[in-house]
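Visitor: Next come the chains, spelled out residue by residue.
2 protein chains.
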Amino acid sequence: MRDIEPQEIAKRVWVEGQISEVLQRYGFRMMEPTPIEHLDTLEAKSGPQIREEIYWFADKAGRNLGLRFDLTVGMARMVANRLDLPEPIKLCAIADSWRYDEPQFARYRHFRQWDAEIFGTTDPLADAEAICVGMDALENVGLREYEVRINNRRLVEAFLRKIGVETRAQIDSALITIDKLSRLPPTQITEEFGKSGLSGEQIEAVKELCSLRGSPEKVLSELARLFREDTNVETARNELIRLADVLKSFGRRDRCIYDLSVVRGIGYYDGIVYEAYDKGGEDIGSIFGGGRYDKLCAIYGKRDIPATGVAGGIERIMISLERSSIYPKLRETPRVFVASATTDVLFEAWEVVARLRKTGVATDFDLKERSLEKQLEYANSMRIPYVVIIGRRELERGFAKLRDMQSRKEKEIRIDDIQKEL
Amino acid sequence: MRDIEPQEIAKRVWVEGQISEVLQRYGFRMMEPTPIEHLDTLEAKSGPQIREEIYWFADKAGRNLGLRFDLTVGMARMVANRLDLPEPIKLCAIADSWRYDEPQFARYRHFRQWDAEIFGTTDPLADAEAICVGMDALENVGLREYEVRINNRRLVEAFLRKIGVETRAQIDSALITIDKLSRLPPTQITEEFGKSGLSGEQIEAVKELCSLRGSPEKVLSELARLFREDTNVETARNELIRLADVLKSFGRRDRCIYDLSVVRGIGYYDGIVYEAYDKGGEDIGSIFGGGRYDKLCAIYGKRDIPATGVAGGIERIMISLERSSIYPKLRETPRVFVASATTDVLFEAWEVVARLRKTGVATDFDLKERSLEKQLEYANSMRIPYVVIIGRRELERGFAKLRDMQSRKEKEIRIDDIQKEL
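Heads up: the protein sequence lines correspond to chains A and B, in order. Number 327 in this note's numbering belongs to position 267 of the first sequence; there are no gaps in the numbering. Number 84 in this note's numbering belongs to position 24 of the second sequence; there are no gaps in the numbering.
Possibly wrong hints are sitting among the right ones.
A pair counts as met if it fits within one copy or between any two copies, since identical chains are not told apart.
Said to hold, decoys possible - Straight-line Cα separation of at most 35 Å, DSBU-like style, residue types lysine-lysine; simulated pairs:
| no. | residue 1 | residue 2 |
| --- | --- | --- |
| 1 | K480 | K389 |
| 2 | K120 | K355 |
| 3 | K308 | K418 |
| 4 | K222 | K105 |
| 5 | K428 | K278 |
| 6 | K434 | K105 |
| 7 | K418 | K389 |
| 8 | K120 | K105 |
| 9 | K308 | K461 |
| 10 | K362 | K434 |
| 11 | K105 | K240 |
| 12 | K255 | K278 |
| 13 | K428 | K222 |
| 14 | K255 | K120 |
| 15 | K240 | K120 |
No lab work stands behind these hints, which were simulated from the structure alone.
Just need the whole structure built from these sequences, with the hints factored in.
Guide: Here is the structure:
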């Protein structure tokens, strides 16, 4: 784990503020699920192997608890137990999550995520809404060179069934291998498919399907050609048609491609899924991702409610911004430092400090009673742009010196006017 | 543990924003220590009994880890290992902490704190700075009816030594009992002091000292009368004199009282300590508190550096604000809902949604293709103030209806002018 230093916090606060503004603009209401969940809840859909990837422990009452590994599970668990909320329910969160991974580039054990979820409708309209909020989140921090890759797990599942991959276990393990298509060498992929019980012919068919990639129009017409009669595939394909139509109304279809290899790693997804990548930043991993999980809520509670959602890592966005150098100028030091020329004006200097702060000016001063030279050195090392120097002689006339630390120019100003001059 | 609901988050975001503004105004730089610390770090000064009060566990590598119980320990551990930071070091944080307590009124297992720390000076000037940032934090959220009760642990310790309570263990356990003075019945207090090995006479002397309470001037002159020659007491008393002088320069002395019974519960404090209470809200507990811990950093690392700091619970402030009903009006729902009168204008309605959002207006719409009546019901249940109704006839002329949900009045407006009308 790591401490987050002031320079990074200043950036994080800015990024989260920009994303929060977008979430509000889309009508999502901010909440925060508890950071500590029952281990059962965390395992519900992802299975007990999730234990290996998270922080979990028994509390003093002997209950197994775990730190949340994402925000989706907690939001779904909450909504599933709340019969009072009118549908659709649009919730969002920006908060911490923890994974017990080997720390590696762009993956931390403690990280922050933004997350927006829509409960209560199976319409791809909601998926489009989630995809657009993701796009606007990126654009509102200044990332415009991205690509969203969309697919429908239902389509891939229907295809697997169609070619004879039929048991739940086989389908699930095939999906896990598909998720690794771009990351593992072809021989290893073939081996993994083989372990799931797929024949050579089936493997080729899956690989061919997953190589379909391009504009929604192109992929949809290709799919129309490939699957003319299969009604299961047809339903899944219709969802992608509807999605493309809605994205067009929202003026966003051009930023999306349909990519049949995208299935997402997490087990709870069961419909439209997508991942966004910062162009030229594939090594960072997906910069947001999400999808539909219509069957998750039923596992958690009283309310069987369809759901879809999108989430992204704050740290990954920050890495992308760092690379593209598009952060705005962020100030994380005070605007002015009040220095005292001699120790006999300390009390008066403190009064000036209190007055400036009262008017809302970020003001610092010397807590160590150092010489004027040392005070200026400190202000300089903190990159504080202005220093007010309180001296006995000027003070008697109600004046002080104002020093611009960049130009090193000094001028006399009325103490009452300091605020105006900054 | 509990989920934080949208209404509460909206308030929390506001409160934290107000406090964050004050922290910046005072020149504190925001950081965040890691949420998971080595158990050793958490136990360093508080002792192994802290295990009973926190969440801790062994990770897969067999290391004992714990969730932070405050922000001070992590900030001190970080500063103690950073030789590069120029002194004084003023850091702050607003973040989560966890305690494994029985949940009770105004105390949660997962809570948020704001925290401001000053490293690098023993001067009570720094303690005054910390106290003032606490006061301004309260005032900036609108809490003006508070009292800050200040003491010096060094003074109480010097007094204990003077009356013959001399071992470290005796002094520590006497301080723990003093911290409970206002909460436990007198017989139990006497019993606890007795267990620490204090004689009846010593107990009376301690109780008398701790009953000293009043304006700084009054308490200081009383102390001058009581301890004329003792140099240890004198040093501690001089710190309180200096503190009162600085608080006066800052224009804040009138909001403080000196109260010799205040010693704080946490083991790491070793100088000036204080607690603030919302008037009439003593049941909430202290609304901020802090003090000096000059010897903590040396335990953690390479840098033996004096320190003082202040912290407060966000939830406690929120309870106080709720009671005094001084929250500003906070909007956590969208400003406008775009309804479609019939299903043949859906695509056009979505275009209006996208346009409004693009200009930054928080906009929601129907994700379920419901009737106009149902859409209005939903917008009403979400307390959205305006509904734009897109109808085929008006649309052809470039118009829509704007409905004020409170007055229930409708008027026709140009679609291009919607934003201006909201």
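Visitor: Now look at each hint and say whether the structure bears it out.
Guide: Checked hints:
When the C-alpha separation of K480 and K389 is checked against a cutoff of 35 Å, the pair qualifies both within a copy, at 22 Å, and between copies, at 31 Å. In the homo-oligomer, the alpha carbons of K120 and K355 lie at most 35 Å apart both inside one protomer (33 Å) and across protomers (32 Å), since each shortest distance falls under that limit. For a Cα distance limit of 35 Å, the shortest separation of K308 from K418 across copies, 15 Å, qualifies, whereas the shortest one inside one copy, 51 Å, does not. For the identical chains of this complex, K222 and K105 are intra-copy neighbours only, at 25 Å inside a copy versus 65 Å across copies, given an alpha-carbon limit of 35 Å.
When the C-alpha separation of K428 and K278 is checked against a cutoff of 35 Å, the pair qualifies only between copies, where the shortest distance is 28 Å, while the shortest distance within a copy is 69 Å. Taking the shortest alpha-carbon separations for K434 and K105, only the inter-copy value of 34 Å comes in at or below 35 Å, while the best intra-copy value is 60 Å. Taking the shortest alpha-carbon separations for K418 and K389, both the intra-copy value of 25 Å and the inter-copy value of 24 Å come in at or below 35 Å. In this assembly of identical chains, the alpha carbons of K120 and K105 lie at most 35 Å apart whether taken from the same copy (26 Å) or from different copies (23 Å).
Proximity of K308 to K461 under the C-alpha cut-off of 35 Å is restricted to the inter-copy arrangement: shortest distance 24 Å between copies versus 60 Å within a copy. For a Cα distance limit of 35 Å, the shortest separation of K362 from K434 across copies, 24 Å, qualifies, whereas the shortest one inside one copy, 66 Å, does not. Taking identical chains as interchangeable, the C-alpha atoms of K105 and K240 lie at most 35 Å apart only when both belong to the same chain, with a minimum of 20 Å there against 48 Å between chains. Taking the closest pair of Cα atoms, K255 and K278 come within 35 Å of each other only inside a single copy of the chain (33 Å); across copies the shortest separation is 83 Å, beyond that limit.
For the homomeric pair K428 and K222, the shortest alpha-carbon distance between copies (31 Å) is at most 35 Å, but the shortest distance inside one copy (77 Å) is not. Taking the closest pair of Cα atoms, K255 and K120 come within 35 Å of each other only across two copies (29 Å); inside a single copy the shortest separation is 42 Å, beyond that limit. Proximity of K240 to K120 under the C-alpha cut-off of 35 Å is restricted to the inter-copy arrangement: shortest distance 26 Å between copies versus 40 Å within a copy.
When each numbered hint is compared with the structure, no violation occurs for any of them.
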